[in-house]
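Colleague: Each chain, letter by letter, is given below.
There are 2 protein chains.
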Amino acid sequence: MRYDLINNNQLLASYRNSVTSVHFPVGTPTLVAAKDELQTGLEGLLGRKILIQTNLSNASIVVGTVKSSNIIASLGMDQQLTKVGEEGFVILTTKKDQKNVIAIAANSDVGVLHGVFHFLRLLQTGQTIQNLSITSAPKIKYRLLDHWDNLNRSVERGYAGFSIWNWHTLPDYIDQRYIDYARANASIGINGAVVTNVNANATILTKEYLEKVAALANVFRTYGIKIYLTGRFSAPIEIGKLKTADPLNEDVKRWWKNKIDEIYTYIPDFGGFLIKANSEGQPGPQDYKRSHADGANMFAEALAPHGGIVMWRAFVYSNESPEDRLKQAYAEFKPLDGKFNDNVAVQVKNGPLDFQPREPFSPLFGAMTKTPLFMEYQLTQEYLGFSTHLVFMAPLFKEVLDADTYAKGKGSTVAQVIDGSLYGHSLSGMAGVANIGNDIDWTGHPFGQANWYTLGRLSWDHDLSSAQIANEWIRQTFGNDKGLVDTVAKMMLSSREAVVNYMTPLGLHHIMGYGHHYGPAPWFDKASRADWNPVYFHRADSIGIGFDRTSKGTNYLSQYAPELRKKYEDISTCPEDLLLWFHHVSWNHKMKSGRTLWEELCYKYYSGVDSVRRMQKEWNSLEKQVDKQRFQQIKMLLAIQEKEAVWWRNSCLLYFQTFSKMPIPPNYEKPDHTLEYYKNLNFPFAPGNGK
Amino acid sequence: MRYDLINNNQLLASYRNSVTSVHFPVGTPTLVAAKDELQTGLEGLLGRKILIQTNLSNASIVVGTVKSSNIIASLGMDQQLTKVGEEGFVILTTKKDQKNVIAIAANSDVGVLHGVFHFLRLLQTGQTIQNLSITSAPKIKYRLLDHWDNLNRSVERGYAGFSIWNWHTLPDYIDQRYIDYARANASIGINGAVVTNVNANATILTKEYLEKVAALANVFRTYGIKIYLTGRFSAPIEIGKLKTADPLNEDVKRWWKNKIDEIYTYIPDFGGFLIKANSEGQPGPQDYKRSHADGANMFAEALAPHGGIVMWRAFVYSNESPEDRLKQAYAEFKPLDGKFNDNVAVQVKNGPLDFQPREPFSPLFGAMTKTPLFMEYQLTQEYLGFSTHLVFMAPLFKEVLDADTYAKGKGSTVAQVIDGSLYGHSLSGMAGVANIGNDIDWTGHPFGQANWYTLGRLSWDHDLSSAQIANEWIRQTFGNDKGLVDTVAKMMLSSREAVVNYMTPLGLHHIMGYGHHYGPAPWFDKASRADWNPVYFHRADSIGIGFDRTSKGTNYLSQYAPELRKKYEDISTCPEDLLLWFHHVSWNHKMKSGRTLWEELCYKYYSGVDSVRRMQKEWNSLEKQVDKQRFQQIKMLLAIQEKEAVWWRNSCLLYFQTFSKMPIPPNYEKPDHTLEYYKNLNFPFAPGNGK
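Chains as they are written, first to last, in my numbering: chain A, 4 to 694; chain B, 4 to 694.
Because the hints were derived from the structure by calculation, they are not lab data. If you're wondering where the values come from, they're calculated on a predicted model, not measured in any experiment. A portion of the hints provided could be inaccurate.
Which copy is meant is left open, so a pair is good if it fits within one copy or across any two.
[Said to hold, decoys possible] Derived DSS-like pairs: lysine-lysine, alpha-carbon spacing no greater than 25 Å straight-line:
{"id": "1", "residue 1": "52", "residue 2": "627"}
{"id": "2", "residue 1": "52", "residue 2": "631"}
{"id": "3", "residue 1": "337", "residue 2": "413"}
{"id": "4", "residue 1": "682", "residue 2": "244"}
{"id": "5", "residue 1": "210", "residue 2": "646"}
Make a model of the complete structure from these sequences and hints.
Modeller: Laid out in structure tokens, this is it:
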């Protein structure tokens, strides 16, 4: 939303020539918001006053729907408009009464708003606005941020301060941040916000809190954003004074129906519920020997008359089962395929475990044919260095979207599952667990904003490449200087592989600190359940390291399509970047590079640190091109990232060395602390651990 | 720190004539900070580039110390400079080589910084800068903010978000807010910050955390601000692995000595400790049958060689004693007078209870002759409507400072106790419990900033009047338009009496909600100890209301000087604004107004609400003179204040009515809810309650 004056004089002159006036219909709050945004944006970018005119002159921007604007109606854009649906837009260079105009048109006011933001983005990113002919519609219907925000304003796994929702002063006080949040989301096409934590609190469903939620919904509505809540499954007991929360009990069903009807009296366009049930201690239908489908359908029935949906999370693993944790979600949900009501989607994390730096895609993608699956990504960097590491996530997201499930033969990508095209579902969704807090810069790390941006852009159009998204974001954030854009893009695009290398190379996973998840702790083995312990996941011993999930091991691989099974089963065809995810591999195993596994592990950890140091050099080269405050800020953050990358590298290698008994190759810098030193580090107040 | 262009053209022209260049010595980080501030400030205010010159020209500002600046040294200002001490400054219009100059001079670099801020304030508040002859030195030596900030970033009794200290990213990441915080404090002369909660955590004393504290100290040092910590009395056990924390035990003394020596290796100018001991469950010397003096002196001995001080809080009341809670601090501390080491001050809350809207001054003021007493005010509005009520505290602070203790005869004001002049103490101090959080505007309510400002200005010069302080603050915050200044001043200056009236008129106290202290709960009687219950304090019954603290009651009055005792003992001479503080008064008691007590109580509660409604009207009249965002923000906050004032009024009167059995006079608007409704309100997530 930085509308700084364009500093390329030629471009500025050309833009000024093409935009001399703006025609905007009077109308709804959404149209007013779009008009204000266009005016503010153009005045900032072009450095001149922009008046909203009534007479059409040359070089006009004409904005609106067929319904709200006679000029738009007269331009004959029906054919283009049929392509863009309810939320999309058309931007067209055309003529009206012999005058050159740029039309920004849509079928709805929200579509107009999206079009205005897109037009501003063209200017912000230095693109031509001659001969425009753009039609754009979202590929995915539900594009959401999931906030893990508690009612006391702590944010579970939040590293950017505390919740931006100040429940105490709502509904009477509307913080400017709520408006700016909605503007930012609308600018990238996000159309829904789940404002409460999946580890839910029933209090949000009381009258007092629904009034607060309604006040937020009123702000969001203008920007085309619907509000969603998380549903505490035991709410009928906790606030409804019932004796049970059994989803087949008539009193319980009636309680939820009444509650949901009540919600719609406060919020007529309420989006629905996101539910975490029977997962990590949360209550759920299995407490009453009912299935996830029974639970989901109870909500679905009550929501259906109002047009609301249920997003039922597939992130479940049993407290009792000795089964490989990674197999459990599939085992639970695959048999339920076809049993969910029409307005239920099952929301699946990108990988089978938990937002690790690299995971294979979840085997549920492709496996459930009758159930719409929503994608859940994590923008907040629970496992990616909190908010002090620069990690651009587009490559991670794209790796999953581009993955081939082979579900309907070769070319059945995860993206096709998610956008509904593979099995013809009309419900489609992509959610990101928000990385937003009340820090002044929203995300703690300025580059965290790029991940929020990515979620919006990819959920609108998953064909965009990581490089395209980075390029757009850099230009809007730091300006259009080519050298700067290239350098920052290089940093961003290499950052995800860097974090994989200095944290969990070669398919390692879940070796972080216990509870708070800060820093490395591959040695940790004190958690109450086996599958919360790093040692459960890396299985290092004198012979080798890695988790055998082939047919000779837990056979987790059986949950994938035969083509993938075959490829991963064989250690010689298994991609090395997931080798230890699927195989227990001997320390002397020869890698493609010619190095032994141990040497390769050392190589990867050291190259992860080297990548960070390269990013530091690249950033330092930009001192003159970035304002002093942001330059210094990011420089300090990169220094922390370097320090922590070294910490990961040293402590992991020193620990794994106690099994491999092999030396760190002599050409590498020596660890500057002992393993004992690292084991004794303590973080009693690490952030993001609040309930 | 708003350096907006001066919009009075005549004044602007005159300032521009008087300030054409600036001469600044090169030098220390503090001088660089002062130079940057002067340059930024002048460029903003005068709307032109200000260059730092080497040649003296006409209309120069010449800045520095005798030591750092040859020009200053040549101006013969020795006489003035001897008056302003280490932190004060001289601002003088004079001539040098036939050129008109304004000299900003001091004996130290920090004094220069203070002088620069004062000079900028002259411009910001539209004062003349002709023929300046200002000498200014602080009347009080230690001018402090006490942060009740926990290491998990919750702030006890904080209503402006969460702690600005991001301990997790310290010491490597220096948030711009730390710098801005230091600038803001320096601009009003605050020279110390206790950065941790008095309900202390020993972790802050570990090596890892001391490195973080040192990073903050490095930022603050440049701005003349020392850092202080709170000392957890049981730290030798908790992190020192000793078996005892007995202050007379040699191992314990040695542990603290070593710990304090260690602190000074990290922070050579560490200020010292603020300690809450044997109070509300905190550990302390009495756990070992030692006195508060024994405890304080242990710290004092270890701090003395480094120049550090101990601030020992007098806020103690026993868990076991059935004595009137208000008498206990005096009973504990008065006998210890003379037993504290030289570098110990006892820090006393302004009143004997706990920061209520109105209290008499604490009887310790004047009673302790051999011990320096520091004043503790509370800026955060624990009992004054949190951060949604506009309450300007200068009148409250001044009421206490101006109060006559009669300790050395008539005219022995609390101010003279605090500034050390009454008993000739060289230690003198005033602290405010900070109202600062990570909200974008620092204090949640924009007018909260005025209280922070007041603390700084009053601790520098307690002779300033409330009106002067309000005037200065308004001009710097909203501009110099006379109508606006007058209107906002009226709102501010009446706001304290308003909150007294709608919350606790006529000397009522401690009738707020239990635990979180949000809203009224005069009916509450379920707390584990009697003196945490509102009913303990108001003592309403069928006969009347109020707490008899005269000689016929608890005789708390005996702790005051005879002159005061006499005045308050007699119901006919007792000031009515503290009537129920000292007397149990019958519902039919005739007040000076001619009304009965019950009628007067109704009158006061209703007039409190009326005052808020008047403030709303006054604010609304300023719509054209205040920027849209701040106008709307404060309008919303005033609406909350009005709603909550009505809530206080209605629920208190309906409750007290159950005792008085008298009607609310017919000319008043009727309560719109029942007493039961108010009693059933519930605030599970009220802010500021975090530990």
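Colleague: Now, for every hint given, state plainly whether the structure supports it.
Modeller: These are the hints, each one checked on the structure:
no.: 1; hint: 52 <-> 627; in the structure: between (30 Å within a copy, 21 Å between copies)
no.: 2; hint: 52 <-> 631; in the structure: between (29 Å within a copy, 19 Å between copies)
no.: 3; hint: 337 <-> 413; in the structure: within (21 Å within a copy, 87 Å between copies)
no.: 4; hint: 682 <-> 244; in the structure: between (47 Å within a copy, 20 Å between copies)
no.: 5; hint: 210 <-> 646; in the structure: between (48 Å within a copy, 18 Å between copies)
Figure legend: structure checked against the earlier numbered hints; every hint is met.
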